[in-house]
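Given the sequences, and given the hints that come with them, work out the whole structure.
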Amino acid sequence: MPAAALKLIWLVPALPLIGFLLNGALALWRPNAKAAVSTIGVGVLVLAFAVAAAAVTEFATLHPAAPLVFRYWEWMPVGDLRLDFALQFDQLAAVMALVVTGVGALIHLFSVGYMHKDPGYARYFAYLNLFVFFMLLLVLGASFPVMFVGWEGVGLCSYLLIGFWFNEQINADAGKKAFIVNRIGDFGFLVAMLLIFHTTGSLDFTQVFARAQAVFPPAGATVTAITLFLFLGCTGKSAQIPLFTWLPDAMQGPTPVSALIHAATMVTAGVYLVARCNVLFALAPLGSATVAGVGALTALFAATIALKQWDIKRVLAYSTISQLGYMFLGVGTGAYAAGMFHLVTHAFFKALLFLGSGSVIHAMHHAYHATHSHDDAQDMRNMGGLRRHLPWTATLMWIATLAIAGIPPLSGFFSKDEILGAAFALATAQPIWYVYWLMGVATALLTAFYMTRLMLYTFHGPNRTGDKEREHLHEPRWVMTGPLMVLGLLTLVGGALNLPELVGGGAFLHHWLEPVTALGDRMRPAVELSRGVEWALVGSAVAVAALGMFGAARLLKPAALVPARLAPPETGVGRLLWKKWYVDEIYDALIVRPVQWFAREVLWKTVDARIVDGLLVNGSATASRALGWIGSRLQTGEVGFYVVLFVVGVLLVVGGAVR
Amino acid sequence: MNVDLSALDLSRSGDLLVALAPELLLTLAALVVLLVVAWRHRTPQDLRRAGWVTLAGLGVAALATWFLWWNVARASGIAAMIAVDDFRFVADWLFLGTAALTVLVSFRYLEREELWAPEYYVLLLFATLGMTLMAGAEDLMVLFLGLELMSVSVYVLAGINRRSAPAAEAALKYFLLGAFASGFLLYGIALVYGATATTNFTLIGVQVATLGLQHDTMLLLGLGLLLVGFGFKVAAVPFHMWAPDVYDGSPTPVTGYMATAVKAAAFAALFRLLGEAFGAVPAWREIVWWLAVATMVVGNLIALAQRSFKRMLAYSSIAHAGYLLVAVAAGTAAGSAAFVFYLVAYTLMTVAAFALLAAKGTGGERDVAIDDLAGLAQRRPWLAFALAVCMLSLLGFPGTAGFIGKWYILVAAVAAGQGLLAAILVLASVISAGYYLPVIMAMYMKPEPGEQAHAGMQLGPLGNAVVAVSVAGLLFFGVRPNRLLEIARTSGASVRVAPAVSSSAPPAARDASGR
Amino acid sequence: MLLGPALFVSAALFTLGVFGVLLRRNAIVIFMCVELMLNAVNLTFVALAQRLGVAGQLFVFFVMAVAAAEAAVGLAIVLAIYRHKGTVNLQNIDLLKG
Amino acid sequence: MYAQAVLTALLAWPCVGAVALLVAPERWAKHLALAASLVEFAISVPLWWVFQPAAGMQFQLDVPWIPDWGIHYSVGVDGISLFMVLLTTFLVPLSVLGSYRYITTHQRAFYALLLVLTSGMVGVFVSLDLFLFYVMWEVMLIPMYFIIGVWGGENRLYAAIKFFIYTFLGSLLMLVAILALVYLVAQRTGLYSFSYGHVIANIGRLGPLAFWLFGAFFLAFAIKVPMFPFHTWLPDAHVEAPTAGSVLLAGILLKMGTYGFLRFAVPFFPQVALHPAVRTGIIALALIGILYGGLVAMVQPDFKKLIAYSSVSHLGFVMLGIWALTLQSVQGALMVMINHGLSTGALFFLVGMLYERRHTRLIEAFGGLAKVVPLFAAILTLVSLSSIGLPATNGFVGEFLVLVGSFRTHPVAATIATTGVIVAAMYLLPALQRVIYNPLDKPENQGLADLSPRELAVLLPLVACIVWIGVYPTPFLRRMEPSAQRFIESVRPAPGATAAVAR
Amino acid sequence: MPGTLVIFWGFAGLALASALLCITRRSAVASALWLVVTLFALAALFVLLDAQFIAVLQVLVYAGAIMVLFLFVIMLLNLGRPGPSDVKGPLGVGTACLLGGVLLFQLWILRKAVPSAPIQLPPGSMARLQQEQGLVGAIARPLFDTYLIPFEITSLLLLAAIVGAVVLAKRKL
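Residue numbers (the working numbering), protein chains in the order written: chain A, 94 to 752; chain B, 112 to 626; chain C, 365 to 462; chain D, 39 to 541; chain E, 966 to 1138.
Please keep in mind that the hints were generated in silico from the structure rather than gathered at the bench. Hints may be right or wrong, so weigh each one.
[Claimed, not checked] Between beta-carbon pairs, the in silico distance windows are: (1) A:Val685 - B:Val590: 49 to 59 Å; (2) B:Arg123 - E:Ile1127: 28 to 38 Å; (3) A:Ala153 - D:Ala502: 34 to 44 Å; (4) B:Asp120 - E:Pro1088: 31 to 41 Å; (5) D:Ala322 - A:Arg304: 27 to 37 Å; (6) E:Ile1127 - C:Lys461: 30 to 40 Å; (7) E:Pro1083 - B:Asp120: 21 to 31 Å.
Note that CB positions come from ideal geometry on N, CA and C, so glycine has one too.
This is the structure we're talking about:
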């Protein structure tokens, strides 16, 4: 029987919701009550984390094989559709809940400092709380629709927060883009739900997964379709090809938002979904392969773009896309634990990187603000040598960089290595995975390169901020550096969560998640690598990472950079990368504009206005009027003509009578 | 006052006098008014006096009709000149009522237009008398003479405003075409007489049945020509061309009278004729079908193109003739009942509409464009309301008697298997929304053109009463039509239906004196 | 014996009357043509009366009364229009139209 | 006592109120109207509890009206009409309150018409006699015609007459069909009666005529819904109507079309309505409506027009749900009907409030309003999200059920319809952005006042319902389920019957 | 061809010819006079058809009274003088010919139409009736008996016409 803390599991999402309501009310009526806002905003997160931690502790003692489902009320009971508003707590949800509330709490704290001067402070915290609520609903929901509530809800909050500074159109546009692109993904999610209900007769996770094996033949068309539609949802939410374009734009939001939503939590929802539905994906090898393939491709593709970005946050954004690709490679490979592991470590180091960049931007912004300069506070070409002004930030970000580059023994090394190892292992059974593995390795190389580039340009070399501005550059307050330090610590030791057996670890996360993934695991080919091969893989991974970093250090010359204002335009391949392969432009030309044109010119102005309304509706009215007019012209007033018509009538009537 | 009138022997003078009491009283009234007019005819008071005497005459005749109706007067035997049945009484009431409403509206109109011709009332009475004879006619000769009596009177009424060139033109057109049409009607009578040796409706029906004449050339030719004659009187397309011009040129109360009572009389006669004499002849149904379609469509379409309110009403009345023809084409008992009901509703709304037009048209009704009514609702809310109700009723909108009437016609048409005709009727009604609604639109939704745009619009107490009674009737019968429906049903059912064609032995030849 | 020819002659006369109405513009002449039509019908009545009884002849009597009445009113109307228009040519009498 | 009288009271009370309004002083008009409509709502509220979901038609009253023709005054509600009645009585007080400042001229007439309209709308939903239904169907046309024509915008005359004639056209053909139907039933049973129960019980198989009769009903209802391509009256009417008119037009009047399908057209002629070709055609039209309405809405410069076209899209879901004919889809359709009334009603109120402040509805005239009117912006955002079907708002519940249900019988159609969620985001979010986000660069917008308490009183009930239904729609679903079930059972073709269908 | 038939066709021919002249003469006076000729010829035909009393009436009322009225008005309006023809132009003539022709074609079948045998009286019964009751009596009896009502209506009709004519024609309103 679940104990007290588990019974209170509803508090985990409810607390942020309360926070949202309170902060929302404050935002509307008392926008300047910042102390109250901060207390509520951070407080509910801390409390939620506490409840979640307590629940997980209890859960760990029970460690049940089946998830605990808590039904609260009937949501949509219609005929054989029995849909309850229910939460589900299991090992997977526990991991996610902890990450969301934990990292969330840190980022909330950071935000207290980062957003302190913002007039929309209360609104910001309201949105942030709301986001956490939806995110928790997403991870705790016991059925697809409940999860979908969270799924769309986080999209909504992402929309609201990206467009937080809505009085600049570019921000509002970015938010809108995020929402609409996400909706395309949600279409996939919806259709998948329809298919699932149609075939299994339920939408509850427990029932669907229990029935899946009986209902779906392995590798059947239906289950493949379901997984592909689900994955379409994931590509939207987790910014994978082809729906990744919104994420870089999402950097228009406040930086803590980028850290929380667009790095640590929301964008990983897709990974969570695949892990959650591991049974279905295991039944659909083609679906899994698509997941892994798209993940690998996205990882590589995004990494190339990251090579040539100047905006510090955009580099991190593409890096996020790339790392998400890794995670999909992992879960697509069937290494759910590895994927989740990378999700967790990525949450730590990417949050750290984003918050670090936030710290940098905060400083830069402060400097520019002080001198009334209008230069871009996020362009790395305006930075350089910041380690002297922001030593803590620089140090912590270096830790994160090493982690993401995959340098042992930082957390990122273990998680990334596990994914690559799993892909390589599967490749022995299905050679296509060699390609994926190679792409993963190449990505690792590029990752090490561009992250080193970022660090070099930002923190090293001469400073390009400006002479006057330089004096205003300094570390932020403790509320901002504090969370950075915690995250740095987690980045350092996070690897312990799933220390591989190879190095004597217990693979804790792997075993923890086993009840969730067991069913899916059983349906996959069992492959084992010899220890030698594993060591070789580890060695090559480290070598690749080192090569990337070393190459960057050798090839790049921070000293040669000029400030963004003076920088010459990019040329050649550099321009192609800088312009992000022109994907946005291609989408614009192929989809957005044609649809707009079609809707405006064809549907509205032609079909609606001209044909339906003009020709048919008003046309028939005009025709009636015209006929009437002709008729009234015939009424000439001359009796002679009337008589003629009269006699014609006589002839017709008489003819008709005699006929 | 319960008297047994259930078996009047019309060959006996006493019974004949009873059966003809309304007509006789009406004649008497006409003669009295003539005397009154001959005595005094110079001042407005004389005019009014004549009017009141006329009203009294109409009232007495209506009482007599009521008396007959109340005591369920019926003739014994079949071959009479005059029918004694509910259909006649109800139709008579309608004519008398319409005449009374017209008189009431005329009081003010004649004075305003300075028409010091009290003979107006005499002619009105004669016309009404002609109508009652038409509705009661059981014989083609009575029908023809009644029709001529009515027509001659109305020709004159149309042109009674001798200062007005349009009125003279209207009278001329009406007269010339009317006489022309009478020729056809008469020829039709002759041929029907030739085919059946009789002019009595019932006997024609009997002859058709016993002799199997339903495909007889002479009879069909005669029937066709009769339809032409009636088609003219009811302004069915393509015999309608006179109507807009005549309605337009005539004094407005007369127009209202023509559009309602004259048409109603022709329809009543047509109904009785087709039912009693030609019920077994299929040929007319198709003709009436086409006439109905053409009339509805053309009337509505041309009305759509009108800017003058009066001409619009004229064309609209053509369209309504088309609706009534649908009831005729349905030809069932339900059809006749629908027809009676519709006539009542139609009369109420048309009289009221023309009364309002007459009030509006101080500078000549012909010049009142629909847009001239702009802003009437602000200045004269009740008049605007009344006119709006009339328009909605003409449109056949639920809640008004016009709707119940149209509904009844549709019921009859559908029951007679004329679904297509019913569909055409409703589509034509949709077109009619295109010209009725602008009237409402002008009154309620457009601003008043000038401060005093509607200052001169006066109906006077009598005119107000007419409009009020009409509108109240329209609304009342629109919600609670039960009693009127019952009357319509019983009166419609009282028209004898021609016997079906049988193969029994032909009757023996009759003697030369034509009994 | 004469019925058939009489009916034919009557029809022909009637047609001539209609023809006249169609052909002429003078209101009075048109009215005369209408009288011709009525007379044609009278011939039909009389011819039929010979076979069907005296009623047909009575109708002729009534028709004559009608013709007289119409003539009285009609000619008065013609006078009235002449007073306004100075003509009885229908081509010029088209105030009301549309 | 309550059960017998309530529907009649609901019909009669607004008329009483209207008369009272007409004799009262002009300045009392709006308050009286509000009081009257609140009383109306109060009368209707107990229905929620007294209603017995399983009992079918209830609260019935049947009084002979025109016995000659078999016409009765016959009223009653079941799980399908119950919510339409409640929605009507719920929206009317809000409409009155929302018109307090919008309507400045001829207030007495306006509110009286609004109340008469209420009567008509309730009448349509409670009529159990075809004659009564038809009369009510037409009667509410007039008040709406006046509301658009007198208190409407620039082009109001055109919009009013278009609205009128369009509806009139459809309904008159339906009238003929009703008569023919009653006649055919009378021929079979010998009883000439317009009673709904009598007709539905004895309708049997009608043969080839059924096709035409269904066609007439279809036209009437399809125009009202409106389905593509009969929809062009809607944008004009919506745009020109005053706020209350738009709210009731979208909230209630459109539902009459779908209600008509549920109550009359489909149950009367299941063999035609569910004939594969007809069914496919109508579902295709529904899909066209969903996508076409959405895409055309996307490019509208006028906010009201945008909402109008979005209605076409939403009602497409309803049609899809009805024709998919599963329990989920039909209930989903009913939910969409309710939700559309609430969400679109709220949107119209919001746009109306903008219009009151700025006298324009062009989207481009605004921008950055969230800065000056945050409360307005918050509510507009929430309502827009409910309109595009964000989960946990009412919009999702209906659309999801429709999709889940229709996927079972028409997977391809349901999938296509699902793209509607993308289109919905594509038309409403950009508009939202251009109104409340973006730079606040128009000087006229800088002094706008946020929502007044009165306006909040209008909106908050709607917002509450939006959240309530989104989170806990069960009370609604439970009440409509037996009726929806009955509807499906009554029309589901017997096995093998589809082959021998008319035409 | 029996003698009566010859006489019949003679007068019929006269009637048709003068009718044609009536409708085609340019002068209204001429038209009226030709109409009088037609009416006389018809009177003759009436005699042939056993309707002597009607023939007399025809001459007295029609050719006498009514046509005099016509002539009187024509003269009053001074239409007798030569002037532009009121006959329609070629298009009008063509239309008239066409319509008239079709009408005649439709009525053509009447030449063979006879009342069906059962309702026909035996030949000569009309003449016999007149011999029994006298020329006037044969008509008068049903006129004041069966057809009393129509007869009375004619009186009203004439009264109405008189009133109407007076109203229209009197000099002052």
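For each hint, the structure was consulted:
1. Remark: the range hint 49 to 59 Å for A:Val685 to B:Val590 is upheld by a beta-carbon distance near 58 Å.
2. Taken as a hint, the range 28 to 38 Å holds for the pair B:Arg123 and E:Ile1127, whose Cβ atoms sit roughly 32 Å apart.
3. A C-beta distance of roughly 41 Å is found between A:Ala153 and D:Ala502, which places it inside the suggested range of 34 to 44 Å.
4. Restraint check, B:Asp120 to E:Pro1088: a C-beta distance of roughly 35 Å satisfies the suggested window 31 to 41 Å.
5. Checked against the hint of 27 to 37 Å, the C-beta distance between D:Ala322 and A:Arg304 comes to roughly 33 Å, which is consistent with it.
6. For E:Ile1127 paired with C:Lys461, a C-beta distance near 32 Å keeps the hint of 30 to 40 Å intact.
7. For E:Pro1083 and B:Asp120, the Cβ-Cβ distance of about 28 Å falls inside the hinted range of 21 to 31 Å, so the restraint holds.
Hint check: no violations occur; every hint is consistent with the structure.
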